[in-house]
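Dock chain B with the ligands against the given chain A, drawing on the hints supplied.
Single-letter residue listing:
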Amino acid sequence: MMVQKRDIPAGIWDSCQECGHMVYQKEVEENLHCCPECGHHRRINARARIEQLVDPDSFEELYADLSPTDPLKFKDRIPYRERIKAVQRKTGERDAVVVGRAFIRGRAVILGAMNSDFIMASMGAVVGEKITRAIERAIEEDHPLVLVTASGGARMQEGMISLMQMAKTSAALAKLDEAGGLYIVVATDPTTAGVAASFASLGDVIVAEPGAMMGFAGPRVIANTIKQDLPDGFQTAEFMLKHGFVDRIVKRHDLRREIARIIDYSGK
Amino acid sequence: MRRERAVRPTELRPLTENGHLEFEKPLLRIQHDIAALEVEQRQGGRDMSDEIKQQHARMVAKTKRLYSHLTAWETVLVARHPGRPQIRDHIDNFVQDFCELHGDRAFGDDRALITGFGRVGGHKVMIVGHNKGRDTRERIECNFGCAHPEGYRKALLKMKLAEKYKVPVVCMIDTQGAFPGIGSEERGISQAIAVNMFEMSRLRTPIVCVVIGEGGSGGALGIGVGDRIALFENSFYSVISAEGCAAILWKTHEQRQRAAEALRFTAKDLRKLDIIDDVIPEPLGGAHRAPGLASQALEQYLVDTLRDLKRPRVDTLLKRRYERFRNMGSFYDAPSEFGKSKARKPASSRAPLRRPLPASRHVASPDPA
Ligand SMILES: [Zn+2]
Ligand SMILES: [Zn+2]
Chain A
1 MMVQKRDIPA GIWDSCQECG HMVYQKEVEE NLHCCPECGH HRRINARARI
51 EQLVDPDSFE ELYADLSPTD PLKFKDRIPY RERIKAVQRK TGERDAVVVG
101 RAFIRGRAVI LGAMNSDFIM ASMGAVVGEK ITRAIERAIE EDHPLVLVTA
151 SGGARMQEGM ISLMQMAKTS AALAKLDEAG GLYIVVATDP TTAGVAASFA
201 SLGDVIVAEP GAMMGFAGPR VIANTIKQDL PDGFQTAEFM LKHGFVDRIV
251 KRHDLRREIA RIIDYSGK
Chain B
269 MRRERAVRPT ELRPLTENGH LEFEKPLLRI QHDIAALEVE QRQGGRDMSD
319 EIKQQHARMV AKTKRLYSHL TAWETVLVAR HPGRPQIRDH IDNFVQDFCE
369 LHGDRAFGDD RALITGFGRV GGHKVMIVGH NKGRDTRERI ECNFGCAHPE
419 GYRKALLKMK LAEKYKVPVV CMIDTQGAFP GIGSEERGIS QAIAVNMFEM
469 SRLRTPIVCV VIGEGGSGGA LGIGVGDRIA LFENSFYSVI SAEGCAAILW
519 KTHEQRQRAA EALRFTAKDL RKLDIIDDVI PEPLGGAHRA PGLASQALEQ
569 YLVDTLRDLK RPRVDTLLKR RYERFRNMGS FYDAPSEFGK SKARKPASSR
619 APLRRPLPAS RHVASPDPA
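Chains A and B, in that order, are what the protein sequence lines are.
For the first sequence, my numbering assigns the number 1 to the initial residue and increments by one for each residue that follows.
For the second sequence, my numbering assigns the number 269 to the initial residue and increments by one for each residue that follows.
Looking at chain A on its own, in the form it has when it is part of the complex (with noise of 0.2 Å):
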């Protein structure tokens, strides 16, 4: 199937990230996004993922009215107010986390998703609170807690505010743990960073898209560090896997059933 892009309709074909091939965009749509040639999983926004992962029409958005301040009065090549202004235009959220309750394969679950185009789902003051929320939310209604993740990290832009989320959240998970409550990670591309060095690494069971970038230091930051080139497969979901950190690895398509699936052991 060799197509050449300048003789097709931009917008309605495009070529896979990953194999080459030139993939018709509304059967990638209904293949959860995923290539229906080599199967890569590609990125998706928190409001196409919690449509895949619920049931229909059963999620109901908690904490949706949070929205970032500019603590620090950040200004870097723009201020970080029109940054955010500018995104949250764009993508027509307020920040980098959507979180509410909704049902997976009738099981009642909070369940949080990341938004990688927000400031590469980044976190700041408001991710750290919603997730916070979310957890406090699990704990009082002892449901399982589900959070997809993705993020480039800690927001430099809220400074110290952004790092201390990650014990913030950490915290709160402490209180969920010993409130024998479930915590299920999916782990998504790109899973780094602040956010991997938190919440992302403290599920009970932790699951993971194939493929997914996950890991703390930037690649390229290592590879000056230790002046050498990175093996192959470094800091995928596989690789994390293979060296005990992720349980399993579950496509798009199995994630609904293995949550579920989950759940059900757990007894909750």
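None of these hints come from the bench; they were simulated from the model.
No false leads were mixed into what you were given.
Not the full set, but computed from the structure, chain A residues with beta-carbon under 10 Å of chain B:
#1 G124
#2 T132
#3 R155
#4 E158
Below, a list of computed lysine-lysine pairs in the DSS-like style, where the Cα atoms sit at most 30 Å apart:
#5 A:K73 - B:K540
#6 A:K175 - B:K428
#7 A:K175 - B:K587
#8 B:K587 - A:K268
#9 B:K540 - A:K85
#10 A:K175 - B:K432
#11 B:K519 - A:K90
#12 A:K73 - B:K519
#13 B:K578 - B:K536
#14 A:K175 - B:K434
#15 B:K519 - A:K85
#16 B:K536 - A:K73
#17 A:K175 - B:K392
All residues carry an ideal CB built from backbone N, CA and C; glycine is no exception.
This is chain B with the ligands only, laid out in the frame that chain A set:
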């Protein structure tokens, strides 16, 4: 902030020709003037004591002026100064009967993170802290204070030992960050840091964390959850290095000074932002000029703080510790017809909703409960 004791200029380590910072140049010039006067006095047999005294006074005044207006980037240079007292120096200076405990009982003994029992004032404590190394051999051995997962796991193991015997934990933070390497990722550096924060938040013994030099992001936070967070006056604590931030946001290393200012990571800024509880004063001209005095200030702070933290019941302590981190961060919380109305008020015109700080946070009074 406690008052610093007045330092006599003769107590300061002299600046060296190749060991001084760029902004310390004027101080080096005064030091040269003093040396010249002393030579003249010795060789010429003239009494120069008034002139020398005068130059000493000038030195003190100039040092004070410089150090009261350090830029954020200059603070970074002071915090990274090779002569700055490190964990080993503080242990030598004021920890009695230090009993180092090695290894994580799983992989190895990370030299970048030191742990062990010791006594501070009258308190038995578990010391946990980054070690940057004082000479080249040691620096290489401990990766310049950048710890691997086994370092964080060793730290947690020893903290749990302390918990078992109700011994408070003292964490000394001094790192650029966790080690960025293949082994570090293979052995789960993310998980190691995450688990430490998770467990430290509920460790049933007092924890005091002090940034004695560099507080570098996750690598610092991996031993940074506790009942009190303090910074030495010229140390810093940041989500990312100024260099890294400049490279990402300004796309150039050259903007590190601006990045340093923008990140607001100095002790003074972090106190204002309510990220940290206390600032420990440094001797005149920075801790590297009088390590012994810096150690004294740290010892005094630890003795006072441990006494305060031992008073409340441990459940009260844990509740406060949780609240302390729970309340970090502000945000707007108001409904709006987002995306529907162009006339909607910008987020900035609404008042930020900030939870009140727990009253106990900055008060060193006994627990009433
Ligand atoms: Zn493909
Ligand atoms: Zn697929």
